[in-house]
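Engineer: Sequence:
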Amino acid sequence: MKIKLGTYRLFVVGLIMGLLAALIQAYTFDIQPPEGFGLAFVGHPNNFFNWIVNNIPWVNNWVSFPLHEAFLIYPPLTILGVFIGSSIAGARSKELKLRPGPVRNRFTAILLGFLVINFGLLWDCDIRTALLVGYGSVLGIIALISIAAGVIAATVYLRSRARKGAM
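With the working numbering applied, the sequence shown covers 1 to 167.
All clues given are correct.
Derived CB-CB ranges, DEER-like:
| # | residue 1 | residue 2 | range |
| --- | --- | --- | --- |
| 1 | 138 | 19 | 18 to 24 Å |
| 2 | 62 | 148 | 39 to 45 Å |
| 3 | 9 | 118 | 37 to 43 Å |
| 4 | 118 | 12 | 35 to 41 Å |
No wet-lab data here; the hints were simulated from the structure.
C-beta atoms are modelled at their ideal positions from N, C-alpha and C, and glycine is treated no differently.
I would like the entire structure built from these sequences, with the hints used as guidance.
Structural biologist: Rendered as structure tokens:
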């Protein structure tokens, strides 16, 4: 028996996987509310830094940063793994090149980086946001709409700059 999924193949497979995961979690594990903590490129470095500071003996007497309960014993090494793995893959395929970013003004680059990291810490990872929307979180829906609006605004801005020849 062959099932024809047509052009909506990825959507149907994703829907089936999501429903199966929700059913397994609902009837197998007693987690309420469900934990939505994926691979985050803002939250994991934050937890990594917090774990390092909390485990320096002479520093943790004065300050202790909050950690996600998944990282109380071991730090989140996923960020280091992604960075090292992508660097090795880029070097092996001869595609590893260091080049300056599109923002030439240092103050603007610092300001934009500051905004990105702070909004990232505010809303957390976009993958986690999508997971929270799947669980019906109102804050997750607001965050996902904000992320989409930011991506659309950045795309419009970059396209207008490209048309003017500024990039």
